Amino acid sequence: MSNAAIISLLVELLQDMALAAVPAAGFAMVFNVPVRVLKYCAMFGALAHGMRFLMMRAGMPIEWGTLIAATAVSFAGVWLAQRLRAHPKVFTVAAMIPMIPGVPFFTTIIALHHLGTRGFEAELFSMALTNGLRTFFIIGAIAIGLAMPGLLLYRRRPVV
Amino acid sequence: MSEKTPESNTSHRAPLTLQEHRAATDLCLQTGILLMQHGVESAFVESITRRTGFALELDRVDVAIMANAITVTSYAGPHSMTRVRRNEDRGINMHVAMEVQRAALAFEAGEIDRAKFEKCVRSVKTFRYPRWLVVLAIGLSCACFARLAGADWIGCGFAFVASAAAMVTRQVFAHFHFNPIVGFFAAAFVATSICAQALLMSIGTTPRLAMAASVLLLVPGFPLINGVSDMVKGYVNTGISRIALAMLMALATCAGIVLAMSAWDTWGWVS
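So the sequences go chain by chain: C and U. Counting from 1, position 86 in the first sequence corresponds to residue 86 in my numbering; the numbering is continuous, with no gaps. Counting from 1, position 111 in the second sequence corresponds to residue 1111 in my numbering; the numbering is continuous, with no gaps.
Derived by calculation from the structure, the hints in this document are not laboratory data. Fair warning: this is a prediction, and the values are worked out from it, not measured in the lab. It cannot be assumed that every hint is accurate.
Partial list, computed: chain C residues near chain U (C-beta under 7 Å) [unchecked claim]:
1) Leu19
2) Val22
3) Gly26
4) Met29
5) Pro34
6) Phe106
7) Ala143
In silico lysine to any residue, SDA-like type, Cα no more than 25 Å apart, as pairs [claimed, not checked]:
8) U:Lys1233 / U:Thr1073
9) U:Lys1125 / C:Pro34
10) U:Lys1233 / C:Pro158
11) U:Lys1233 / C:Val160
12) U:Lys1233 / C:Lys39
13) C:Lys39 / U:Thr1126
14) C:Lys39 / U:Pro1130
15) U:Lys1116 / U:Leu1148
16) C:Lys39 / U:Leu1148
All residues carry an ideal CB built from backbone N, CA and C; glycine is no exception.
When you get a sec, could you build the whole thing from the sequences and use the hints?
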């Protein structure tokens, strides 16, 4: 990889992370996350989305990238939770919001609606199925990634 | 700090009187219901409720969480007591969850006494961000989503305006105590109608991306994640009910989108 390619990748990565940090903090405000925890939501949101961006660039499927990014954020969340003495879900869920497949989710339902009103069309059906499966697997990956510390390390004891 | 199994609270002390037993059970329920009302996952509610019970010198606490109620059975000496409390959803509020949990942990560790813990749980303040600030933040968030999807600046501007208007709609409907499903439907209609203008007049190069991004504030992300988390941790009942509710919200949102698209006769999502 040439220098120019690395620099352009870095710029794209930073842009991706900055664009993910804003919705993470914005949605954290809808969830009424305390003010002093807000910056961690933004940070973790940027971290997760940036990791997924890099892994997808390296050719990894989006679902596996999401799982690994969510796992990483979840472990970072445990570290922070023990310092703040608060459950990690207080800030990790907001950090996951930028990775939630909202557009595929709604596309699935709208395509299903069209299937119902217009009758069967192969293109609509494949659209509903692909988007629906993508939504299903990504949300599963996020939730299981977030549960990872509990599944692997904190099996019979609470995180805080 | 290890989680005690139900049978393991075996320190020797004077048995609780009936009144003390009742008060302790009530405080336990109050702690659990506060967490439940503000949208945290079931495993967390159960763990904190049980630990609070042990800290209140109960011998054993069993917690059963249902979709809209919590049951606590507490044991003190030869007596047991079962209480149910109905849960009414107060919306996601991580601030309350954090305050309650910190108070419970401090009480468990002996850092605050019972009176202080009780005061904290009974009179926890529901902190909320100012509405205009949330509207602004959501507008910016959806503009960022549009940009992430590759929209141009005009598209981002439309996503900002449309999602901010949708957030205002949602707040107005919530203010008048409409069912959230109605609010989501109306908000989706407003956002899609605004973005449909960009599509109708061909403003910018990416009006479709703006249209998709402007309703992302209506994705029920928190209940979806919590629902799957609940099921992973063995609380299949509450998990299913959370996901069912999230699906209903998404259906209402899509109904709003489809209605707006038919009203303006522009088909942005699926051509």
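Hints and how they fare:
no.	hint	in the structure
1	Leu19	holds (5 Å)
2	Val22	holds (4 Å)
3	Gly26	holds (3 Å)
4	Met29	holds (5 Å)
5	Pro34	holds (5 Å)
6	Phe106	holds (6 Å)
7	Ala143	holds (3 Å)
8	U:Lys1233 / U:Thr1073	holds (21 Å)
9	U:Lys1125 / C:Pro34	holds (12 Å)
10	U:Lys1233 / C:Pro158	holds (13 Å)
11	U:Lys1233 / C:Val160	holds (17 Å)
12	U:Lys1233 / C:Lys39	violated (28 Å)
13	C:Lys39 / U:Thr1126	holds (20 Å)
14	C:Lys39 / U:Pro1130	holds (18 Å)
15	U:Lys1116 / U:Leu1148	violated (47 Å)
16	C:Lys39 / U:Leu1148	holds (20 Å)
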